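Asks: Protein chains in written order, with my numbering: chain A, 1 to 312; chain B, 1 to 312.
Source of the hints: derived by calculation from the structure; they are not laboratory data. Computed from a predicted structure; not experimentally measured. Think of the CB as a built atom: it goes at the ideal place given N, C-alpha and C, for glycine as much as any other residue. Take these hints with a grain of salt, some might be off.
[Unchecked claim] Below are the DSSO-like pairs computed for lysine-lysine, each with C-alpha atoms no more than 27 Å apart in a straight line:
#1 A:Lys95 / B:Lys42
#2 A:Lys24 / A:Lys95
#3 A:Lys159 / B:Lys279
[As the list claims (entries may be wrong)] Every beta carbon over 12 Å from chain A, so not counted as near; a handful from chain B, in silico:
#4 Ser48
#5 Ser61
#6 Pro242
#7 Asp259
#8 Lys260
[To be verified] Using C-beta positions, here's what the derived DEER-type ranges look like:
#9 A:Gly98 / B:Gly111: 30 to 38 Å
#10 B:Gln280 / A:Ser30: 21 to 29 Å
#11 A:Gly129 / B:Glu12: 41 to 49 Å
Number of protein chains: 2
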Amino acid sequence: MSLDRLIEKIAEKQNPTVAGLDPKLDYIPSYIKESCFEKYGKTLEGASNALLQFNKGLIDSLCDIVPAVKPQAAYYEMYGWQGVKALYETIAYAKSKGMFVMTDGKRNDIGTTMQAYASAHLGTTDIEGGEISAFGADALTVNGYLGSDGINPLLDICKNSDKGIFVLVKTSNPSSGELQDMQLSATGESVYEHMGKMCEKWGEQVMGKYGYSAVGAVVGATYPLQLKELREKLPSTFFLVPGYGAQGGGAQDVKNAFDKNGLGAVINSSRGIMCAWKKQNADEKDFALCAREEALRMKEDIKSAIGEISLK
Amino acid sequence: MSLDRLIEKIAEKQNPTVAGLDPKLDYIPSYIKESCFEKYGKTLEGASNALLQFNKGLIDSLCDIVPAVKPQAAYYEMYGWQGVKALYETIAYAKSKGMFVMTDGKRNDIGTTMQAYASAHLGTTDIEGGEISAFGADALTVNGYLGSDGINPLLDICKNSDKGIFVLVKTSNPSSGELQDMQLSATGESVYEHMGKMCEKWGEQVMGKYGYSAVGAVVGATYPLQLKELREKLPSTFFLVPGYGAQGGGAQDVKNAFDKNGLGAVINSSRGIMCAWKKQNADEKDFALCAREEALRMKEDIKSAIGEISLK
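One chain only, chain A, in its complex shape (with noise of 0.2 Å):
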């Protein structure tokens, strides 16, 4: 009833990082599309059997030495059932290779709504009195703006299982500021505080063991001061930090997002590690030492700020 499995994972691997696979057709080699337009034509099916294969050779190169991977949902369903159908073997394959598997999709909604989306994503749906596994991610991300009726529903998972969910807080976009920034009267805190403070209260029914909840929250490494500020002030929130590498964080940006002892944080690369075969002009059927390569250097430079990762 945490993310205590992640963080494990994190310490074991001393790589507190996780691969984004948002796979874009302009991320993937030719040969690799090519052969899956060849057997499906240019369709949706053909576009999303690439992806599958694209994110394979990805995971097997990277799944022992990252954590974890967060697949966006939004570059699945773009291949309409066929990518999403690709999403569900993408998050099977990574977790039968042991990673930790976080889905991407920022899904909201209310009571039995909410429901159905903790049950399609973390959960089981029972049909008939059978309970099938829709997805089977290990966590989600969310938004917060219908309050408790969006969240209480995911807890009741996180309870019973060993589940978590990423609540969007402080978001690494550059108009993130236009709601989130705002001052409230009530308080003189800003919306993304207000809506830290409810991850940090939500988190105390499902707590771990290593001083997290199952709670976590979702802020950008393009705000460092933000992220020094909430780190301080939600101690029992981890972050999931977007930004670093393609939006502009560095390791020192992202350092602020850690507690003393290296935990509290993951932080994500997309781009960087998917499209490491190109930024260095590689042969394209080197994509997956590519990403390995990168995964290393982005793993070496968090590591290079924030020290030894210790559970104790």
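Starting from the known structure of chain A, arrange chain B on it as the hints suggest.
Replies: What follows is chain B alone, placed relative to chain A:
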């Protein structure tokens, strides 16, 4: 580049309502489920086929009197990619029957990721120069917590098509106030008013010919005073109003969402229509007939409060 097509269908049918298609297995007559489980087993595929058959029955029975349907993505995702395929097929079927389709997905993200959602649900997906429609809805509900970076990619599609979006402003659930009702220091406005004004501003780029833009707002029937206040403050923003019926809102509550011409809002009913056959203890084979009767009752109920709907 607006919600004009929805508005015209509402005026033509003199019916400002949308039927929510949130097909839980519990809502589906046994004879449909049994035939699907016999064919496909008690599997995600079997359940998904039952959803689709149920939806088709409802669409056949409603398409000449109700202008729009709103499938809720969560209830399809819960049955895995097989359920998402049923969502795709439901959308295609409803469109073939002339209905306006609003996918209730509350999607949100930024930049190229939000572009991917926009392509998935409203636009087309580029596969090596060919443009393929992945889901092909007419409108999508979205969550604006991330600001303009999350909305602009949708506006790009709305500008070049007759598609629209509905942004969550004031949701119908009891805990919606935890964030949405908080007052902002800068203006004295609530978070939901601030979000509403952003909708009005985003809409300026995509105005239609009936005074409403392509950027609608979700405002719950359960908060009639806020509905009235927002109708006055957001004159160009069309409202999608959940919470009628099962959640407690009545015709007098939703009346406030409309302008003097009976335009300005579409009222959703999901369970009320889908489960009419259960509520009436009717023969399960009459589920579609009961749905039609309830849809007609709802139409008359709301029309009695708002009068004639006029495009002038």
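Asks: Are all beta-carbon distances from Lys260 of chain B to chain A longer than 12 Å?
Replies: Since the minimum Cβ distance to chain A is about 31 Å, Lys260 of chain B lies beyond 12 Å and the statement holds.
Asks: Given the hint that Lys24 of chain A pairs with Lys95 of chain A, test it: the Cα-Cα distance must not exceed 27 Å.
Replies: 22 Å, holds
Asks: Using the beta carbons of Gln280 of chain B and Ser30 of chain A, state whether their distance is inside 21 to 29 Å or not.
Replies: 59 Å, violated
Asks: So is Asp259 of chain B really clear of chain A, every C-beta pair being over 12 Å apart?
Replies: Holds, since 26 Å exceeds 12 Å.
Asks: Please work out if Lys159 of chain A and Lys279 of chain B have their alpha carbons no farther apart than 27 Å.
Replies: Given that 27 Å is the threshold and the Cα spacing comes to 34 Å, the pair is violated.
Asks: Please check whether the beta-carbon of Ser48 of chain B is more than 12 Å away from every beta-carbon in chain A.
Replies: 10 Å, violated
Asks: Below or equal to 27 Å on CA atoms is what counts here, so check Lys95 of chain A against Lys42 of chain B.
Replies: Satisfied, since the Cα-Cα distance of roughly 25 Å is no more than 27 Å.
Asks: Taking the Cβ atom of Gly129 of chain A and the Cβ atom of Glu12 of chain B, is their distance within the range 41 to 49 Å?
Replies: 45 Å, holds
Asks: Test the statement that Pro242 of chain B is away from the interface with chain A: the closest C-beta pair must be farther apart than 12 Å.
Replies: Check fails; 9 Å does not lie beyond 12 Å.
Asks: In this structure, is the beta-carbon distance linking Gly98 of chain A and Gly111 of chain B contained in 30 to 38 Å?
Replies: Holds: the Cβ-Cβ distance is about 31 Å, inside 30 to 38 Å.
Asks: Any Cβ of chain A at or closer than 12 Å to Ser61 of chain B, or is the non-interface label fine?
Replies: Answer for Ser61 of chain B: holds, closest chain A Cβ roughly 23 Å.
Violated hints, in rising order: 3, 4, 6 and 10; the structure is consistent with all others.
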